[in-house]
Structure formats: C-alpha cells, structure tokens
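Chains as they are written, first to last, in UniProt numbering: chain A, 1 to 116; chain B, 1 to 116; chain C, 1 to 116; chain D, 1 to 116.
Please note that the accuracy of each hint is not assured.
All copies of an identical chain are treated as equivalent in the list; a pair is satisfied when it fits inside any one copy or across any two copies.
To be verified - Under the rule of at most 25 Å between Cα atoms (straight-line distance), these lysine to aspartate or glutamate pairs were calculated in the DMTMM-like manner: (1) Lys112 / Glu36; (2) Lys90 / Glu43; (3) Lys40 / Asp108; (4) Lys90 / Asp71; (5) Lys114 / Glu36; (6) Lys92 / Asp108; (7) Lys90 / Asp101.
These are computed hints drawn from the structure, not numbers from a lab.
Keep in mind it's a predicted model, so treat the numbers as computed, not measured.
There are 4 protein chains.
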Amino acid sequence: MNATLMAPNAQYQSCLDACSKCMQLCQECFRMCLSEPDVKAREHCILDLIDCSEVCATAASAMARRSFHIDHICNLCAIVCDECASECSKFKDEHCRMCADACRQCADECRKMKSM
Amino acid sequence: MNATLMAPNAQYQSCLDACSKCMQLCQECFRMCLSEPDVKAREHCILDLIDCSEVCATAASAMARRSFHIDHICNLCAIVCDECASECSKFKDEHCRMCADACRQCADECRKMKSM
Amino acid sequence: MNATLMAPNAQYQSCLDACSKCMQLCQECFRMCLSEPDVKAREHCILDLIDCSEVCATAASAMARRSFHIDHICNLCAIVCDECASECSKFKDEHCRMCADACRQCADECRKMKSM
Amino acid sequence: MNATLMAPNAQYQSCLDACSKCMQLCQECFRMCLSEPDVKAREHCILDLIDCSEVCATAASAMARRSFHIDHICNLCAIVCDECASECSKFKDEHCRMCADACRQCADECRKMKSM
C-alpha cells in the first residue's frame, strides 16, 4: 500500500487533477453566472454548479487518501458532472463552455476510476 | 418550490438531522480512535470515519439547498454509512458503538430519501 | 481528553449545533434567493451565503474532532457569519430574516468558543 | 469583475494551486501516517493533517469564486498550514517531509493573498 501511495499511479493523479480543475471551473462559473443579465434563467445551472463543486472536492479528497469507496464516490461524481455539463451547455458564454468541458473531462476520468 | 422550502417536509429534515449527527459522531469517534491503545488495528475504521463524515456533510448541504441530485447523493451516503457502521461494530468501546448506531440510522434515513 | 470527548461540555455542543443550523439556513436561503424576482440584486448576498455555509461546515467538523485550531476557525466563522447576517438583513423576505438570525446566533457562539 | 474572472491573475491561481496540492499531500500523508509503526506518536500530526486538508479545500473553493472573505480565509489557512508543517517536520519519513514542504509553500502563498 505504502509503495503505491508514494508512487501514485497515473490513473489516480489524472482523475484527482480533473476533479480539482472541475471544482475550480464550477466555482468560477457560479460567480460569473450570478452577474449575467439572464441570471434568472440559470437557477438550475447554478444549483448544479454548487453540487458539482462539492462532489468533485469530496472525490479529490477521497482519492488522495485512497479511500475504500473511490468507486462509489467517482460513480456519483460522473453523474453530477454529466448533469452539470448538460446545464452549462445551454448557455453560450465562455465560462459556461469552459466549465462544461471540464465537467465532461472529469466525468470521463471518474468513469475510468470506478471500473478499476 | 418556495412553499416547500419555507415549510420543509419532515422527511427532509429528519434525514438532514441524521446526516449532521452522523458527521459529528464520526469525527468524535475518529478523534477517540486515534488515542486508543489499539489504534494500529483501526486503520480501516479511521479511513471509513473520514469518508463517512465528508459524505454526510455533502449530503446535508445538498438536502438543505434541495439539490437535484439528492437521490444519488443519499444513495452514496447510505452505502458509506453502512460500511462505516460495519467497521465501527468491530470495536467494543462506547464511541464506536454510538457512532455505529448513528451511521445505521443515517443509512436508513438516506435510503428513504433516495426512493422519494 | 477522552473523558471530555465522551462527555462533551455544553459550550462545544451549543456552538456545533449553531454552526449546523446556520449551514442549513444558508443553503436554504441560497436556494430561495435564486428564485426571487430580484435575484440580480442578491449577488453579494448569495456569495456570502455559500462562504458562510462552507465555513460553518468546516467549523462544525473541527469542533467535533476537537481540533487544535478551534479558536482560529471559530474566529473566522464569526467574521463570515456577521457579514452574511448583514447582507441578508438587506432583504425583507422570511428566508433572509431567518438566515440572518441563525448567522448572528452562530457568530455569538463562535465568539464564545474562540475565547475559551 | 468578469474580466478578472475570465483572465485570473497569476497570484490567485498560484495560491489556489498551492491549496489544492497541499490538500492532496495532507490526505496522502494522513493515509500513510495511519500505517506507520509509530502511529501512536502521530495523533497531533494526524489531527492537523485533517484540519489542514479541510481548510485548504475551503480556501481553494473561496478563491475560485472570488469570495469577499479571501483575506480572512487565507489568513486562517496560513496559520493551519504552518502548524501542520511544524508537526510533519517531527517525522523523518518521505511523506511527512513532502507534506511539510507543501504546507510551507501554501502558507507563503496564503500570506501573499491576505495582504492583497
């Protein structure tokens, strides 16, 4: 176990990085959405952004400590990321586009983890 | 929607309270396990306590904002709580017994939520 | 130390409960603010609600494990709760009023903790 | 504000990255400490690792959304990181050394942020 932790395999680090990046882009997109003229149309999107940020942070922490529940946590993370990407895709601004990309990438990484 | 939020139904509040209590007992049990003479035997238990605390906190927050992913989050929470209860049940001290009870109660509440 | 943990003093539990309640009311108020007609006027308030919820959750977890940094964490929590109460007080709806009350109560409890 | 968010200045990103890295190394070190032969001597260190991980995650999230409380949150983060670095420095293993380095780097970045 220790050897694995000291030399983390590429899969773990790739997914952990995707979760950290997705958390950041969700919070940035949340802030930006709040100041958009059509904020009223973004209620569902904003809620999903906060969900996605929290679940990505939980997944990143769990992977870093090699939790025994990485498969289940990454499964949830993939679901929430996919939904958030879908909501963000409804808006044309740059921050939603970038966030949707990060969500999709994170969902892909999480799907790889849950099947390990 | 607003009416529901202003007068939260009993189911939500009951599950949210169970998650908050379980988070607290997991963190207390984590602290107590660290100072037990057989701490070396508790590595798995301690890891599960941190997982369970984090997932319970995530679930409580998601329920409070009426997230669209409560079913999936509570599903994960029930799984992690059941595992944590199982680990805590291996130890005879009072804090592990109390924590296992809180985990089982939280898992039951979460199973009710995910089927709503 | 163990004796204290098994029989937590009233001060800890009172502050921990105030943090849990404040987290819940901030997330509920966040959700409600998003669907208010004047959501555009609430950008600052909504940001403070998310800050306050996150810091209250961090403080609750730290108190439950008897962290060595409760004084500093509760100091931050009191500052963020006061600011959030101030923002919520600018709006007349029930959820903002209830949230502001919970924030002020939590700030008071946190100030007692940091001076222990 | 939007321009700043779309083109985040180097200071924010540098501190946010340091917080994310410190969170990861604290959780990895937590896991490794639990399986060390002298785990009983590491109670204080393990508690600080969990504190540090949680506060770093809170700070990263707050910076990503350009919270109004970054100065206070980064001030707390610097304090907790310094303490965690000090505890980790008492142990000679590679994971504690790497974690102490990440904590010191994060504390330095946080001190720059709180004075902005």
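These are the hints, each one checked on the structure:
For the homomeric pair Lys112 and Glu36, neither the shortest alpha-carbon distance inside one copy (35 Å) nor that between copies (30 Å) is at most 25 Å. In the homo-oligomer, the alpha carbons of Lys90 and Glu43 lie at most 25 Å apart both inside one protomer (12 Å) and across protomers (21 Å), since each shortest distance falls under that limit. Taking CA atoms no more than 25 Å apart as the test, Lys40 paired with Asp108 passes in neither setting, with 30 Å inside one copy and 34 Å between copies. In this assembly of identical chains, the alpha carbons of Lys90 and Asp71 lie at most 25 Å apart only when taken from different copies (24 Å versus 29 Å within one copy).
In this assembly of identical chains, the alpha carbons of Lys114 and Glu36 never lie at most 25 Å apart, being 36 Å within a copy and 28 Å across copies at closest. For the identical chains of this complex, Lys92 and Asp108 are intra-copy neighbours only, at 23 Å inside a copy versus 38 Å across copies, given an alpha-carbon limit of 25 Å. In this homomeric assembly, Lys90 and Asp101 come within 25 Å of each other (Cα to Cα) only inside a single copy, at 13 Å, whereas the closest approach across copies is 37 Å.
Checked against the numbered hints given earlier, this structure breaks hints 1, 3 and 5; the rest are met.
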